[in-house]
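**Q** Next come the chains, spelled out residue by residue.
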Amino acid sequence: MIVGIPKGLLYYKYNPFLQTFFSELGAEVITSEDTNKKILNEGIKYSVDEACLPIKVFHGHVFSLRDKSDIIVIPRIMQVKKREYICPKFCGLPEMIINSIPDMPKTITEPIYAISKRKLYNWAENAGSIITKDKSKIKKAFNRALIEQKGYDSGIKDENYRLNIALVGHPYNIYDDFINMNIVKKLNKLGIGVITEECLSEDLINKEVDDLYKRPFWTFARNSYGFASHISKEKQVNGIIYISSFACGIDSVVVELIKDKIDEFPFMILKIDEHTGEAGLDTRVEAFADMLERSC
Amino acid sequence: MKITAPHLGNVYLAAKALFDGLEIDYIMPPLSNKSAIEIGSLYSPEEICLPFKIMVGNYIQAIEKGADTVIIPGSCGPCRFGEYGEMQMNLLNKLGYDLEFILIDSPGDIGIKELFNRIDRISTKSNKSGRQKIKVLSDAIKIMNLIDKIEGEARYLTGYEEEKGKCKKILNSCIREALKCNNPQEMIQVLKEYEMELNNIKLDKSKNPVKIAIIGEIYTIIEPFSNLYIEDKLMDYGVSTQKKLTPSWWVKNMALSPVKLNSLDIKNAGKEYLSIGVGGHGRECIGEAVLAHENGFDGAIQIFPMGCMPEIVSKAILPTISKDRDFPIMSLIVDEMTGEAGYVTRIEAFVDLLERRKVDALSWS
Chain F
8 MIVGIPKGLL YYKYNPFLQT FFSELGAEVI TSEDTNKKIL NEGIKYSVDE
58 ACLPIKVFHG HVFSLRDKSD IIVIPRIMQV KKREYICPKF CGLPEMIINS
108 IPDMPKTITE PIYAISKRKL YNWAENAGSI ITKDKSKIKK AFNRALIEQK
158 GYDSGIKDEN YRLNIALVGH PYNIYDDFIN MNIVKKLNKL GIGVITEECL
208 SEDLINKEVD DLYKRPFWTF ARNSYGFASH ISKEKQVNGI IYISSFACGI
258 DSVVVELIKD KIDEFPFMIL KIDEHTGEAG LDTRVEAFAD MLERSC
Chain R
62 MKITAPHLGN VYLAAKALFD GLEIDYIMPP LSNKSAIEIG SLYSPEEICL
112 PFKIMVGNYI QAIEKGADTV IIPGSCGPCR FGEYGEMQMN LLNKLGYDLE
162 FILIDSPGDI GIKELFNRID RISTKSNKSG RQKIKVLSDA IKIMNLIDKI
212 EGEARYLTGY EEEKGKCKKI LNSCIREALK CNNPQEMIQV LKEYEMELNN
262 IKLDKSKNPV KIAIIGEIYT IIEPFSNLYI EDKLMDYGVS TQKKLTPSWW
312 VKNMALSPVK LNSLDIKNAG KEYLSIGVGG HGRECIGEAV LAHENGFDGA
362 IQIFPMGCMP EIVSKAILPT ISKDRDFPIM SLIVDEMTGE AGYVTRIEAF
412 VDLLERRKVD ALSWS
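Chain order of the listed sequences is F and R.
The first sequence lines up with residues 8 to 303 when you count with our numbering.
The second sequence lines up with residues 62 to 426 when you count with our numbering.
If you're looking for bench data, these hints aren't it; they were derived computationally from the structure.
Bear in mind the structure is a predicted one, so any value in this text is a computation, not a measurement.
From the three backbone atoms N, C-alpha and C, an ideal C-beta is built for every residue, glycine too.
One or more of the hints may lead you astray.
Here are some, though not all, of the chain R residues that point toward chain F, as calculated from beta-carbon distances under 8 Å [what the hints assert, rightly or not]:
id: 1; residue: 109
id: 2; residue: 337
id: 3; residue: 341
Isolated chain F (complex conformation):
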């Protein structure tokens, strides 16, 4: 059986788990190609117009797997932390796909509550039972997958650069080099090092978030806010770049909260959507780099 895993959204964070789990079960796992123009175009064609860029790109990935796989995994990630969500669109992702792309093969759409090992195992049991009836095999694959995931570190922490910036935003905007037009490489070329939120410990993020009147209920918003606010206070970097997809509801809130908190600290928002021109993005990044250069 061929299991297709689309290389979009939180694939960049949780791919070791999904890959290991399904291949340990004895399925042949294929992933879509890295995001490219064709995938983007298919995504725009099939997705609902109002969706944000990462969701459209995900549609493109699923479409590219459609004719190659027997079953496609559409992770409906509801929660990765207690009392927190990712985004409403994640909760309804499978429905968006199934109703937008015609002739879909079978899909795995069980909701994922990764708030505890037991809850996550519920998902594994359901998803695994489609491939094998052997419970002990599922258990083994699940444990292996967890170990793989734990050993996986997706953060970026450049060293030996004179100027450094914090790259903030949802993981799928930061790690998908097509979506963000290779921003990390661009910055490195300009002599700027990049740090991402994974380099900050959970405790420090929690401490920053405590200052808020209301407990934020989106996991990645919480991380972005805590990271940006801590790193600007400690002056560990010279500036912050926030990569935000156009019409992202979560970013519209977090960006505002960060702006309120960091005051005059150099901060640039890069909006990306399917129409973003690379030249314009280059100009903005260069201007920001110049500004940092002069102010230090």
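Place chain R on chain F using the hints.
**A** Below, chain R alone, put in the same frame as chain F:
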């Protein structure tokens, strides 16, 4: 202390009765209007959704009239509405107003004790006894239910009325007269009179009007200003409309949600298409579309503010429902830039389409 709260459809009648009954000083913001949305858009983050902007406009217009305590409604995700409180407090503070905020949040998040603490900050301002307070509160809820019922009936009966425009006239003068009352009992009396009047209206049962269900994001369908008074417009066309999501539905839904008995009909109807809550009222939107078809409606109009996350999910699903059931559904997206002419054209075209489907205008036989 002068309390104010944002507008949501006709809830201001109940709010007025509540504060009148408790004898608490309050300032009602002017009904949502063009300058409210202009003020709101000026100070709000650009990409935030429309309800945020109109609410900020409401607050500031009320503050200009002397309000110093703001009640902010809240929730705890996953839709953006839950973050409104935090952002609106920051925003108003930054504008330099000296205000007290009372954030009414869901007890699941802040704890029932904290919620009562916050409500206490309002109710201690009243000199009434505990029993009287409860009476006033139940009157206010009664008023909300009554006005929702009257509005719903007037909008649905429009298609059947003998004298054109009668329902609209009754509805408008009902709201006008109710607003003149200065205590809850009086208001209930007025509402009941109008309810009677509406019941006695002359109807032409032989008519077969176009019937449209209004579905979508709760704020934009309840607050008439945000949807450019779509229901009034449809009334003028002689179209019967119905919306399930009303303030009284919301209260009932909230009260029943801890035991998971809330809106079972809507949830069941939509199960086939969306079996899991996606935040906001995305799931309800799907269920209502299916219900509208089952209940013999001719079509549905989905309304949501630009960028609304849960409704984008439902917008992706609605075409399937429409195709499966041969049921026309139109999505209208509103924001502060919505132009009325283009909006009206779309509504008219949709009503035309439904009319033609009814009389089979395209067939030659």
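**Q** Decide, hint by hint, whether the structure agrees.
**A** Quick rundown of the hints versus the structure:
no. : hint : in the structure
1   : 109  : 5 Å, holds
2   : 337  : 6 Å, holds
3   : 341  : 6 Å, holds
Going down the numbered hints, you'll see the structure goes against none, and every one checks out.
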